[in-house]
Amino acid sequence: MKIESLLDDLTSDDPARVEAAVAGAVERADGVLPALLRGLEEKRGTAALRPVLRVLGAAGPAGFDAVLAAWDRGEVTDWQAGRLLGAFDERCADRYAALAADPRRGRSGNGFQGLHRLRTDSDAGLRALVECCARGRALPYRAADYARALHGSFAPRLRALRRDPAASPRIRRGALGALVEGGGAGALDARDRAAVERLIRAKIPHEVPSAPSAVLSGWWIAVPGATYEGLFAAFDLHDRRPVTCAAGVAAAEGREIDVPAGADGAARTAGRVFVTPELDGWRLLFGPFSLLVPDTWDGMVETVERVSAHCGRAQFFFLDDAGGSDVWMVAEEGRVIRQYACESDPEWEGDPLPWESLAADDPDLDPEYDEVPPHAGTAGAREACAHLSVDPDAVGPDTVVRGHGWLALTAPGVDHGAFPGRLPL
Numbered sequence: 001m002k003i004e005s006l007l008d009d010l011t012s013d014d015p016a017r018v019e020a021a022v023a024g025a026v027e028r029a030d031g032v033l034p035a036l037l038r039g040l041e042e043k044r045g046t047a048a049l050r051p052v053l054r055v056l057g058a059a060g061p062a063g064f065d066a067v068l069a070a071w072d073r074g075e076v077t078d079w080q081a082g083r084l085l086g087a088f089d090e091r092c093a094d095r096y097a098a099l100a101a102d103p104r105r106g107r108s109g110n111g112f113q114g115l116h117r118l119r120t121d122s123d124a125g126l127r128a129l130v131e132c133c134a135r136g137r138a139l140p141y142r143a144a145d146y147a148r149a150l151h152g153s154f155a156p157r158l159r160a161l162r163r164d165p166a167a168s169p170r171i172r173r174g175a176l177g178a179l180v181e182g183g184g185a186g187a188l189d190a191r192d193r194a195a196v197e198r199l200i201r202a203k204i205p206h207e208v209p210s211a212p213s214a215v216l217s218g219w220w221i222a223v224p225g226a227t228y229e230g231l232f233a234a235f236d237l238h239d240r241r242p243v244t245c246a247a248g249v250a251a252a253e254g255r256e257i258d259v260p261a262g263a264d265g266a267a268r269t270a271g272r273v274f275v276t277p278e279l280d281g282w283r284l285l286f287g288p289f290s291l292l293v294p295d296t297w298d299g300m301v302e303t304v305e306r307v308s309a310h311c312g313r314a315q316f317f318f319l320d321d322a323g324g325s326d327v328w329m330v331a332e333e334g335r336v337i338r339q340y341a342c343e344s345d346p347e348w349e350g351d352p353l354p355w356e357s358l359a360a361d362d363p364d365l366d367p368e369y370d371e372v373p374p375h376a377g378t379a380g381a382r383e384a385c386a387h388l389s390v391d392p393d394a395v396g397p398d399t400v401v402r403g404h405g406w407l408a409l410t411a412p413g414v415d416h417g418a419f420p421g422r423l424p425l
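Residue 1 is where the sequence shown starts when you use the working numbering, and the numbers rise one by one after that.
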């Protein structure tokens, strides 16, 4: 069968001709499929792959094996392989599971993508998930989605694996990770929950501190370490628990969840808030902006003033490089005393602070042509935070740490275990 003639038939407007071409290609799969795949070298875009996808899907396991062989030989690109491996149905479920168990992250992700698409409930799929979780690294593409989609079926088997004396410690650890990835900490039994809490307490004294990065965007509140307890009342936070910095950072950057309606019947969204340990004398708060701060200028001002009323002093920082936002505020005893917002008019309000350099003192300023307010400073949020309290991106081994961090929730009546996914400890 000539490949050029086959491709003409596969792209025909005549459905009968197309079906006959597919059937003929499948009948001669051993010779046709490798040749078809070799011809994809110059193909770009999904549309160009459709004729081949149709043949592969009809060929089933033989097509799957042919794609992997061509990928191994470098005859298809990683992108092409990912698209081609989406052509198969339940006949290839065991092959998807074997691919998901591949230690190469890119290949494993294609396997989990297939398992998730087919909602494959198999011991092989479960073993692949456990193996990936046991490695202790970030999960491949779609592995977490697969764990959540099959959690109802997998959970009893994973709990049994946790207690199986014949299973290795590594596999039992992987089963724990798969349970949490699929159902959150709420999927653990009391024994495993207690073990995780002990591990957190053991790690806290020895970890190198860290905080969420604000390299491209971010927001946070800083308050004195001596008065940080006021944060929990100021933001109406609930169910706080000790947490490592690694887990706190991941939780604060994680997704929010929808929770059952409250007594008033209104739907609710809940998020997690990370309060750092004391870092060079300050505690920083990170969490979901939309749940903690009104999305208006007055709302931001009210927030930092409210926090300062509870904690004596408070600082608010907001950065969004893509959107051009750069904001910082300092409040004391319920009142903002200094603020900067690059998009505001005026940009500067309040008296300059002792550490600030003023724009009017710039030696390159020409007073005849350049007009700047006498109280205008020069520091954006990234510079100001280092003078005022702590730069989150500078937190590290040289930072003086006291106490431990806290993980709290924005809504009452929500269990920490309701949030899916693992947190690094």
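Simulated from the structure, these hints should not be mistaken for laboratory data.
Errors might be hidden in some of the hints.
[Stated by the list, open to error] Distance ranges between label pairs, derived from CB positions:
{"no.": "1", "residue 1": "D65", "residue 2": "S122", "range": "52 to 58 Å"}
{"no.": "2", "residue 1": "S217", "residue 2": "D239", "range": "24 to 30 Å"}
{"no.": "3", "residue 1": "L425", "residue 2": "S217", "range": "23 to 29 Å"}
{"no.": "4", "residue 1": "D239", "residue 2": "S344", "range": "35 to 41 Å"}
{"no.": "5", "residue 1": "R255", "residue 2": "R105", "range": "17 to 23 Å"}
Glycine residues also receive a C-beta, built at the ideal position from the N, C-alpha and C atoms.
Against the structure, the hints:
1. D65 / S122: 52 to 58 Å: Since D65 and S122 have Cβ atoms about 19 Å apart, the given range 52 to 58 Å is violated.
2. S217 / D239: 24 to 30 Å: Between S217 and D239, where Cβ atoms are some 28 Å apart, the hint holds.
3. L425 / S217: 23 to 29 Å: 26 Å, holds
4. D239 / S344: 35 to 41 Å: 37 Å, holds
5. R255 / R105: 17 to 23 Å: Hint holds: Cβ distance 22 Å, inside 17 to 23 Å.
In this structure, only the earlier hint numbered 1 is contradicted, and the remaining ones agree with it.
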